[in-house]
Every structure is written in C-alpha cells, then in structure tokens.
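Chains H and V are the protein sequences, given in the same order. So that you can map any letter, position 80 of the first sequence is 80 in the numbering used here, and since no number is skipped, the others follow by simple counting. The number in the numbering used here is simply the position in the second sequence, starting from 1, with 1000 added.
Possibly wrong hints are sitting among the right ones.
Said to hold, decoys possible - Straight-line alpha carbon distances no greater than 27 Å define the calculated DSS-like cross-link-like pairs of lysine-lysine that follow:
hint, chain 1, residue 1, chain 2, residue 2
1, V, 1261, V, 1357
2, V, 1041, V, 1014
3, V, 1264, V, 1088
4, H, 13, H, 44
5, V, 1088, V, 1357
6, V, 1046, V, 1264
7, V, 1281, V, 1357
8, V, 1291, V, 1281
9, V, 1261, V, 1088
10, V, 1261, V, 1046
11, V, 1046, V, 1259
12, H, 20, H, 44
13, V, 1093, V, 1261
14, V, 1291, H, 77
15, V, 1285, H, 44
16, V, 1264, V, 1093
17, H, 44, V, 1014
18, H, 13, V, 1014
19, H, 13, V, 1021
20, H, 20, V, 1021
21, H, 44, V, 1021
As the list claims (entries may be wrong) - If you want the footprint, here are the derived chain H segments under chain V, 3+ residues with CB under 8 Å:
hint, segment
22, 49-58
23, 62-68
24, 78-87
It should be emphasised that the hints constitute simulated quantities derived from the structure, not laboratory data. Just so it is clear, CB atoms sit at the ideal spot from N, CA and C, and this is done for glycine as well.
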Amino acid sequence: MPVTIEIPTAFRKFTDDAPKYSCSATTVAEALAALTRQFPGLGKHVRDDQGQIRQFLNVYLNEEDIRFLGGEACEVKDGDRVLLVPSIAGGSN
Amino acid sequence: MSETYQLRCRECGKFWGNTPKSFCEECFSPLEVAYDYDALKKIARKENLASRDFNMWRYSELLPLPEGFVAPNSAGGTPLVAARHLAKNLGVKNLYVKNDAVCFPSLSFKDRVVATALAAARRFEFRTVGCSSTGNLANAVAAQSAQQGFDACVFIPADLEPAKILNTAVYGARIVRINGNYDHVNRLCAQIADRFQWGLVNVNLRPYYAEGSKTHGYEIAEQLGWTLPDNVVVPMAGGSLIGKIAKAFRELVLLGWVKEKPVKFFGAQATGCSPISSAVKNGLKRFDPQKPNTIARSLAIGNPADGNYASELIRTSGGWADDVSDPEIVDAIQLLAETEGIFGETAAGVTVGVTKKLIHAGRIGANETTVVCVTGNGLKTTDAIVSEYPLTEAIAPRLDAFEAYLDAQIGASAAAAKV
Chain H
1 MPVTIEIPTA FRKFTDDAPK YSCSATTVAE ALAALTRQFP GLGKHVRDDQ
51 GQIRQFLNVY LNEEDIRFLG GEACEVKDGD RVLLVPSIAG GSN
Chain V
1001 MSETYQLRCR ECGKFWGNTP KSFCEECFSP LEVAYDYDAL KKIARKENLA
1051 SRDFNMWRYS ELLPLPEGFV APNSAGGTPL VAARHLAKNL GVKNLYVKND
1101 AVCFPSLSFK DRVVATALAA ARRFEFRTVG CSSTGNLANA VAAQSAQQGF
1151 DACVFIPADL EPAKILNTAV YGARIVRING NYDHVNRLCA QIADRFQWGL
1201 VNVNLRPYYA EGSKTHGYEI AEQLGWTLPD NVVVPMAGGS LIGKIAKAFR
1251 ELVLLGWVKE KPVKFFGAQA TGCSPISSAV KNGLKRFDPQ KPNTIARSLA
1301 IGNPADGNYA SELIRTSGGW ADDVSDPEIV DAIQLLAETE GIFGETAAGV
1351 TVGVTKKLIH AGRIGANETT VVCVTGNGLK TTDAIVSEYP LTEAIAPRLD
1401 AFEAYLDAQI GASAAAAKV
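Start from the sequences, fold in the hints, and give me the full structure.
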C-alpha cells in the first residue's frame, strides 16, 4: 500500500531536504522501516538503543497519535499519511 | 558563555546558544535554558531585592532576559495566603495558597511565562506571536501582545469556555478555533512553527517561556521568609510548572538564598485527564496518553509534553500524584471560595481537591508546611459551577416581603434575627 511520510524540517538534513517520502507498507512500523532504510542517517533519531520509537518523537497516522491505535503495529491503507512531529517539552534540570 | 544563559539539550547536553528552538537538532530531545551559576552568584544578590517592586521582575538576573531589558508590566507578585480556615477544614496546621488567580494582567500564572516568552520574541525580532492554548495562555498572549505591540494569533480547541474565548478576543488577537482537542491544536502548532517565522510561545520559544514559571517558586520561598516548604501541590497540564518550581528552589539553594531541605512535590490532575497521575500511581516510566474528558479544560492535555519529567520529579522527591472527579472539582472550588474568599478556576478545584485527598490519605502531614498552587481565576470558568447556584425568586421591595422571605427560608429562627 503506498503511504506518505511527512518529514519535519529538522529531519530533512537526513533526507536530502525531501519533505515527504512515499513507500509501500502495511503497518506504520513497516513504513518507518522503509524510511530509515532509504535514509539511514535518520535511524537513530527515530528509534532508541532498545529499538523503541524515541520518547520525544510523536508519530501520527492521519489525525491520530499511533499510541491510540495500538502502536506502530497499526495497519495503514492506501493513501494514508504518517506524520513525524518532535515532541515539545521544557525540561527542568 | 558570553551571556549568563543559553539553551542546552536536556538529554545529550549539547549547547545551542540563544535561538528560537525547542528541541535539539542532534538528538531531537527538548532544550532548556541553562545558566552559568558561578556568574549568577556574582550578579544576583538577595539584598538587591529590597528596593525592587514585588513582581516577577525582581528576580530578573535569574531569568533569560536580553541585555537592556526593561520590564513591560508588573506580572507576578501574587499573594501567598495563610489559609487558616481551609487548613482547619482539612485538618492541618500550616497550609498556604499561592494565589495566581490574581496574577496580572490576565488573571492566571500564564502571565509569568508569556512575559519571559515575549522578551525572547522581541530579542529574536518576531512581529507575530502566538500559542496553542487551553485558554489561560491565549488570554495572557493576547493581553501582553496588546501591551507590547505584537500581532497575536492564538490556536484553541473549538469547544473552549466562552469566557476564555472572550477574554482573548477583547485584546484584538486573531483566534483560530480548531476542531479537535488541545493535543490536536498543539500538534498543528508544532507544524506551524516549522513552516512560519512566528514566535509561538509554547512551541519554538518554549525554553524561554517555561523559565517564567520559576518566579512562582521564587515568590513562594521569599514569602515564606526565604525558607522552602515541606510540600507543594501543583496542578499539572503539560507538566512543566511543577518542574520549574523545583528548579526555582534548587537555584535558590545554589545561590545560598535559602537553606537546603527536602521538598515533596505533589501533582494534581482531573480524573478525566490524568496521564501523569496515572503514571505515578502505576509506577510507569512513560505515561500513556489519554483522550481528555473533564470540566477542568485548562488541564485537559492528554499528551503532556513534560509528563515524564514531572512524574520522575514527583517520585524522586518522595511526593505523589492524584486526581479528582468533576463533582469533586466543583466541591473543591466551593470549599476554597467559602473558606478563604478565593475564587479559583476548575484547575484550582483540582488542586484543592487533590490536596484534600492527599491529607486524608496521610501523604501530607498535619504539621508540615504545605503550599497549594492556585493558577487561574474562577471568573473564567463560571460555566462549570453555574448550575450549583440557581437564581432565587425575587421579592417585593417591602419589609414584610423580606420577613415573609426569611420565614420561608429559615423558619422560626427568623424571628430571633429580627430583634
């Protein structure tokens, strides 16, 4: 299924400035895997050392946070959009 | 560093100078303002405060303000109320209410964060500023933008309380209502900050914005005679304020302005939006996001940006987090008003309601000094309690009509009242 991943400006130094990447996938996890295969420099920014999606990266399937859709295993369908949005937090230490 | 502060990545520690940026472009973790405390020790002196007005700017050296900054208003400087009647009601002795319901200019603690954010916006030469908001922040951005000559564009969930929308519109701000909850609005704003050259106070100016919250903590310590309380109970939406109060206390210790002591941090949420309190109660390192459903709309953030930092602080300080239902929130608003004459918004109901729970559960001791943070004014959320106060029947302007009224209301004792 072709899906489109929208890439925030801060990630584009790893994607040759491409704002979007289209790939074929059946789940969000597959789409992210295709993205990081295409742009290996993004890999460590999408997942941490344990292979989890990074704490400060929010992933949306169309309008919904994937954490409400069962996580990255959620299925995608033709024409879906996957959004990567860095989380915005202040910190305190 | 040439200035006394600059941005630093919270996770990898990389410094970024001063720039309108909220996350590290190396590791995408949040940025925060870091200070050169050795330099601050030389320029920030407690004795200098005596000649300064009691508002947030008295702590200017401890805030990320540009050189030559001139205070544009008198935000902060709110009362710390010794809440004797509320304390008695709850069965404790030393209870204080830090009352940001009367913070100027827009009657919530958000005036503090907007004040430091707009100082940064001016420094970075933004003409248009804005925010994603559950209401109070929009009010503060609109009011202070009017004061300081910025164009304001604020983004809010479409179903916000009418009073909060009006309190933004009146200042001439552009209001964009979004069909969605705050988390949808916030995500959109992250994308807008990525696309437009705007100063969004809680997005690309967030590190500077968040520092304004520290003044709530500085004032608590100063108003307690330069001592720290045993406990602080803080409402949590995005989870930033509680961490900034902790940072304020740490800085005062570092500067030698207060003696070090352990302070327990307690977080308060509404049960209908309790990702942080649930994480604390269930021992989770990462919170699970929620879909908010509560009358406490100023706290209705289901994906709190600082949620994991907040729960970690609560755990390591020996505190706790809890949440209260909508009826408990209404009861607590009434309790605070009837005991202390303070009309707080729904978030205040959350904080007072959770304080009551914590005291009854024995997590807050009767003889400990506890500060309850009230962060917004009840006049903004009257819709949450209006049904509690139906209009009474009007009477004729005659003494006999009043006597008949009294008889009907309180029966025989009315006679005694007449004498």
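Outcome of the hint check:
no. : hint            : verdict
1   : 1261/V x 1357/V : 24 Å, holds
2   : 1041/V x 1014/V : 23 Å, holds
3   : 1264/V x 1088/V : 21 Å, holds
4   : 13/H x 44/H     : 14 Å, holds
5   : 1088/V x 1357/V : 15 Å, holds
6   : 1046/V x 1264/V : 25 Å, holds
7   : 1281/V x 1357/V : 14 Å, holds
8   : 1291/V x 1281/V : 18 Å, holds
9   : 1261/V x 1088/V : 26 Å, holds
10  : 1261/V x 1046/V : 19 Å, holds
11  : 1046/V x 1259/V : 14 Å, holds
12  : 20/H x 44/H     : 19 Å, holds
13  : 1093/V x 1261/V : 20 Å, holds
14  : 1291/V x 77/H   : 24 Å, holds
15  : 1285/V x 44/H   : 21 Å, holds
16  : 1264/V x 1093/V : 17 Å, holds
17  : 44/H x 1014/V   : 17 Å, holds
18  : 13/H x 1014/V   : 18 Å, holds
19  : 13/H x 1021/V   : 16 Å, holds
20  : 20/H x 1021/V   : 22 Å, holds
21  : 44/H x 1021/V   : 21 Å, holds
22  : 49-58           : holds (count 5)
23  : 62-68           : holds (count 4)
24  : 78-87           : holds (count 4)
Hint compliance for this structure: every hint is met.
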